[in-house]
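Participant: Next come the chains, spelled out residue by residue.
2 protein chains.
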Amino acid sequence: MSYQISIQKTQNPKSKPDQNNLGFGQIFTDHMFIMDYTEGKGWHDPRIVPYGPLSLDPSTMVFHYGQAVFEGLKAYKTPEGRILLFRPKKNMERINVSNDRMCIPHIDVDFAVEACKTLVNVERDWIPEAEGTSLYIRPFIIATDPYLGVRPSWTYKFMIILSPVGAYYKEGINPVKIYVETEYVRAVKGGIGYSKTPGNYAASLIAQVKAKELGYTQVLWLDGVEKKYIEEVGTMNVFFKINDEVITPSLEGSILAGITRQSTIELLRASGVKVTERKISIQEIYDAHAAGTLQEAFGTGTAAVISPIGELNWNGNIIKINDGKIGETSTFVYDTITGIQSGKKEDTFGWIEEVK
Amino acid sequence: MSYQISIQKTQNPKSKPDQNNLGFGQIFTDHMFIMDYTEGKGWHDPRIVPYGPLSLDPSTMVFHYGQAVFEGLKAYKTPEGRILLFRPKKNMERINVSNDRMCIPHIDVDFAVEACKTLVNVERDWIPEAEGTSLYIRPFIIATDPYLGVRPSWTYKFMIILSPVGAYYKEGINPVKIYVETEYVRAVKGGIGYSKTPGNYAASLIAQVKAKELGYTQVLWLDGVEKKYIEEVGTMNVFFKINDEVITPSLEGSILAGITRQSTIELLRASGVKVTERKISIQEIYDAHAAGTLQEAFGTGTAAVISPIGELNWNGNIIKINDGKIGETSTFVYDTITGIQSGKKEDTFGWIEEVK
Ligand SMILES: Cc1ncc(COP(=O)(O)O)c(C=O)c1O
Ligand SMILES: Cc1ncc(COP(=O)(O)O)c(C=O)c1O
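Residue numbers (my numbering), protein chains in the order written: chain A, 90 to 445; chain B, 90 to 445.
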């Protein structure tokens, strides 16, 4: 497929934000990418236009029936001014996996990567340079038919917006306390858990609020059928190191196939670490802790890359992991992946794509 | 709570549509109701304004995290020109049940009913009068923070829009063919199934498309844990008549507590019919069919009121119910409820609220 992306530059560029106070997802750049889908015509009119509000009929399907998908990735600026993306093709491939579940027409993966690079290039001055900062990229698709009835939409918008974001760990990496959720369920096999679609996040809010109130940072989800097997942690995949083996839940249809998860597995295996993807129960983690063989636990995801878990609370039974300190495997994965992302470490895996 | 609803009338009223060609959910009236929520301030600024597009930042949370709820009810015009609503308070109470699961602040139920009546009154000329037609009312709430991060929004919009809709059954009631879905899951206990929120509908599309392709009108959902127990049919609750007893799945957290369902139960019980709410497996339905005791099956919901089921396909095993004809219980419930809704039958239950 070959499309021509039209570019309309803003007449009113905003002033750039303070790089030391970016936060996450609150500030947006001067331009955005939009492309429309119309049944019978396919995806058309790719364009970069000044960032601004969407005008949508109140009956627009996405408000009522949630037919939508999204992605999240980051662009990094190296000290030499190169602009790097981390495995962007994986995100665009995953959009199509999500699209399939949501009955949304496929996008062209290579073109979507191209659109992403073109937009990032237009906004290259928006990419922050301070240590740990980056430009967060949010591609998303929404159903736009003005129609109140449950069926797949005949029209969609595919958009990309950009947000400069601060360092996730400003004061060093601190392991987090995680609450094991035993009442609420995020997803179940046969459902939408593996799809990056709004409904999964809406479903998760109530448990997140509860965990926060109890003094925990995030929720560890158990499977929706037996409430025994570990799924994910908040918006991260989860890994455990037991007896020098690294174990992560296998992809059974209810969790997101994280790109950081996959990169972590590939990196560890390349480093000679034994990594196993399988069902793992929360009981097994507690047993390993009791036996003294649970060495580390950590989450993986685009936002933080690695988030070590220092404490778990399962039905009031609290265990501390690795004395509440970050472990060597977590440190190694964090340093290597962030090093490659920021251009400071050699990319022996071919994970990086440069924006020229 | 007492609010003053401001009313701004349109300068450009649309021409009214052909009453014989209304369809469903495609045509909207001249005005809409909006009210805003701001953290710390609560719900404020209730207003009726000309119907028109919403202007929303592309980062608006509802597009990304699906934090939203909705309702659906109808206004009917009687031959004498009275305007009737069917149990509107139930819908507004259910919004708050949905809100609780979605971490959306409660609305004031009585005020929401008031807002609904006020809007319907403004649009009274839009209510069609032909047999079976009505004015569909869609209250909904969306999360409006312009923020990319998973947490409950701090701002919301509560809106009501109206759509004149045609008769569901133009050529008499024809029982439908239903496909029993055994692969995809709509909801699971602990999840969001009992909440009227976009994610449930997004999750259901793929199975609906599959059923249509196979020549079926809708899907019958089984429970997400054992795939044994009957949940709902499309966007309807479901009832079975076996051996003169009417059975419907009990509310266990994964299905919507339908208002037509509740009304059907109340009506049948008042008529001396035995109605049981309990877990019921698809096997039991097939066994009853084999034993010759399955007399009727039907769905209940606001759109069609009653939709008789003439055929089920469960893993390729096809059964015909009541010779593919509408049964006496379905007919009785349909005639009574639509009679009360349209003001033709006496409302002995106190279900009707008149818009004055
Ligand atoms: C539910 C969920 N799980 C896992 C992840 C981690 O995926 P990735 O590593 O691709 O960011 C994310 C974040 O994208 C997520 O939202
Ligand atoms: C999933 C679902 N189940 C059941 C129903 C029936 O509910 P009610 O009778 O209140 O319209 C609906 C429609 O509102 C629905 O969307």
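Hints listed in this document are in silico derivations from the structure and should not be mistaken for laboratory results. Even for Gly, the Cβ is constructed at its ideal location relative to N, Cα and C. Where hints are given, some of them may not hold.
Stated by the list, open to error - Label pairs and their calculated CB-CB ranges: (1) B/Gly141 to A/Glu334: 43 to 49 Å; (2) B/Arg358 to A/Val138: 29 to 35 Å; (3) A/Lys433 to B/Ser144: 39 to 45 Å; (4) A/Gln372 to B/Lys301: 25 to 31 Å; (5) A/Ala359 to B/Lys409: 23 to 29 Å; (6) B/Lys130 to A/Glu341: 40 to 46 Å; (7) B/Gly304 to A/Asp189: 18 to 24 Å; (8) A/Ala359 to B/Gly141: 53 to 59 Å; (9) B/Pro139 to A/Gln372: 42 to 48 Å; (10) B/Gly141 to A/Trp243: 51 to 57 Å.
Participant: Please name the hints from earlier in the document that this structure breaks, with their numbers sorted from lowest to highest.
Facilitator: 1, 2, 4, 5, 9 and 10
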